[in-house]
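Peer 1: Starting from the given sequences, assemble the full structure and let the hints guide the process.
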Amino acid sequence: MKARSILKNQNGLTKTPEFNETECLSIKKTIEEHTDDVYNSLYDYFRNYTKFQLTQTHQGLIRAAFKLEKVGRRQFIVQEGDICKYICYVISGALRIYSVNERGQEAVVAFAIEDNWISDWESVVAQTSSRYYIDAVEDSEILRISPVQLHALEAEVPAIGEFLRLEQRLVAVNTQKRIHAAISMNAEERYHDLLEHHPEYFQKFSQNMIASYLGITPETLSRLRKR
Numbered sequence: 073m074k075a076r077s078i079l080k081n082q083n084g085l086t087k088t089p090e091f092n093e094t095e096c097l098s099i100k101k102t103i104e105e106h107t108d109d110v111y112n113s114l115y116d117y118f119r120n121y122t123k124f125q126l127t128q129t130h131q132g133l134i135r136a137a138f139k140l141e142k143v144g145r146r147q148f149i150v151q152e153g154d155i156c157k158y159i160c161y162v163i164s165g166a167l168r169i170y171s172v173n174e175r176g177q178e179a180v181v182a183f184a185i186e187d188n189w190i191s192d193w194e195s196v197v198a199q200t201s202s203r204y205y206i207d208a209v210e211d212s213e214i215l216r217i218s219p220v221q222l223h224a225l226e227a228e229v230p231a232i233g234e235f236l237r238l239e240q241r242l243v244a245v246n247t248q249k250r251i252h253a254a255i256s257m258n259a260e261e262r263y264h265d266l267l268e269h270h271p272e273y274f275q276k277f278s279q280n281m282i283a284s285y286l287g288i289t290p291e292t293l294s295r296l297r298k299r
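Numbering-wise, the numbering used here comes out as the position in the sequence shown, counting from 1, plus 72.
Fair warning: there could be bad hints in the mix.
Once the Cα atoms are required to be at most 16 Å apart in a straight line, the calculated EDC-like pairs of lysine to aspartate or glutamate come out as [said to hold, decoys possible]:
1. Lys142 / Glu194
2. Lys139 / Asp109
3. Lys157 / Glu194
4. Lys298 / Glu239
5. Lys276 / Asp207
6. Lys157 / Asp207
7. Lys139 / Glu213
8. Lys157 / Glu141
9. Lys123 / Glu234
10. Lys142 / Asp207
11. Lys142 / Asp211
12. Lys142 / Asp109
13. Lys249 / Glu268
Estimated spans, in silico, between C-beta atoms of each pair [as the list claims (entries may be wrong)]:
14. Gln128 / Asn258: 50 to 60 Å
15. Gln177 / Glu260: 21 to 31 Å
16. Arg241 / Glu141: 22 to 32 Å
17. Gln125 / Arg299: 45 to 55 Å
18. Ser256 / Pro290: 15 to 25 Å
19. Ser218 / Ser294: 40 to 50 Å
20. Glu141 / Ser278: 21 to 31 Å
Derived by calculation from the structure, the hints in this document are not laboratory data.
Ideal Cβ positions, reconstructed from N, Cα and C, are used throughout, including at glycine.
Peer 2: Here it is as structure tokens:
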């Protein structure tokens with residue numbers, strides 16, 4: 073796009089020329105293409121995860137139910153005491169869910185990066201006050217949906233029903249793995265297990281956040297990473 077010349081009005085004051093029609097259409101097209109890419113990522117996720125096909129009607133229903141939201145770095149989706157209203161699919165960026173004790177110490181429960189889901193499942197299902205915070209570690213884009221909308225979508229789109237069945241099973245498995253790691257692995261074993269299964273976390277999240285997730289001090293994590 074060519075640089076615009078500075079114009080002056082009849083009073084001699086400078087003003088910025090308005091976008092012409094062609095430029096406005098170009099910007100609108102760019103935004104629409106980006107939005108299409110965002111929803112295509114979600115369609116691909118459901119197809120790959122569930123092995124179910126999505127018709128054009130299914131895609132339209134999904135697009136209408138999921139709302140695109142930009143979340144700035146350090147912006148909260150949920151704070152302690154809130155009722156969690158949404159289940160969120162991460163298009164880009166990085167988020168975490170954590171609690172804060174009376175001494176101000178954080179305990180990270182889970183991380184979420186691209187193609188992950190994040191929510192306070194207890195709060196969103198029971199519609200009770202959350203014990204956690206969910207915030208963005210970097211500028212992120214999410215697609216959010218309420219549980220009511222999700223279950224309405226389940227009745228219309230077979231892939232959504234299959235997704236919920238598989239996700240419920242995955243949450244149960246991951247919860248059991250976390251309990252096993254906490255009671256059966258020492259700090260070094262927990263570190264290597266995370267490094268093996270989620271090396272991308274070490275690129276997205278700070279050492280303090282990783283240490284909190286592992287239940288160790290940052291100093292211990294630093295020693296383990298040097299070995």
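Peer 1: Could you run down the list of hints and mark each one as holding or not?
Peer 2: For each hint, the structure was consulted:
Under the criterion of a C-alpha separation no larger than 16 Å, the hint pairing lysine 142 with glutamate 194 is inconsistent with the structure, at around 24 Å. Our distance criterion of 16 Å between C-alpha atoms is met by lysine 139 and aspartate 109, whose separation comes to about 14 Å. The hinted pair formed by lysine 157 and glutamate 194 meets the criterion: a straight-line CA distance of about 11 Å does not exceed 16 Å. A C-alpha spacing of about 36 Å is found between lysine 298 and glutamate 239, which places the hinted pair above 16 Å, so the restraint is violated.
Note on lysine 276 and aspartate 207: the hinted pairing holds, with a Cα-Cα distance of about 14 Å set against a maximum of 16 Å. A distance of roughly 14 Å separates the Cα atoms of lysine 157 and aspartate 207; the hinted pair therefore holds under the 16 Å criterion. The straight-line distance between the Cα atoms of lysine 139 and glutamate 213 is roughly 10 Å, inside the 16 Å bound, and the hint therefore holds. With a CA separation close to 14 Å, the supplied pair lysine 157 and glutamate 141 stays within the 16 Å bound.
Proposed proximity of lysine 123 and glutamate 234 is supported: the alpha carbons are some 9 Å apart, at most 16 Å. A hinted pair counts as satisfied when its Cα atoms are at most 16 Å apart, and lysine 142 with aspartate 207 qualifies at roughly 12 Å. Proposed proximity of lysine 142 and aspartate 211 is supported: the alpha carbons are some 8 Å apart, at most 16 Å. Of the pairs offered as hints, the one joining lysine 142 and aspartate 109 holds, with about 15 Å between alpha carbons and a cut-off of 16 Å not exceeded.
For the proposed pair lysine 249 and glutamate 268, the alpha carbon gap of about 14 Å is at most 16 Å, so the pair holds. Taking 50 to 60 Å as the suggested C-beta distance range, the pair glutamine 128 and asparagine 258 conforms, at roughly 53 Å. Evaluation of the 21 to 31 Å hint for glutamine 177 and glutamate 260 yields a pass: the beta carbon distance comes to about 22 Å. For the pair arginine 241 and glutamate 141, the supplied restraint of 22 to 32 Å holds, since their beta-carbon distance comes to about 27 Å.
Evaluation of the 45 to 55 Å hint for glutamine 125 and arginine 299 yields a pass: the beta carbon distance comes to about 48 Å. Separated by about 23 Å at the C-beta atoms, serine 256 and proline 290 satisfy the suggested range of 15 to 25 Å. Distance hint check for serine 218 and serine 294: the Cβ-Cβ separation is about 41 Å, which falls inside the suggested range of 40 to 50 Å. Checking the proposed 21 to 31 Å range against glutamate 141 and serine 278 shows it holds: the Cβ atoms sit about 24 Å from each other.
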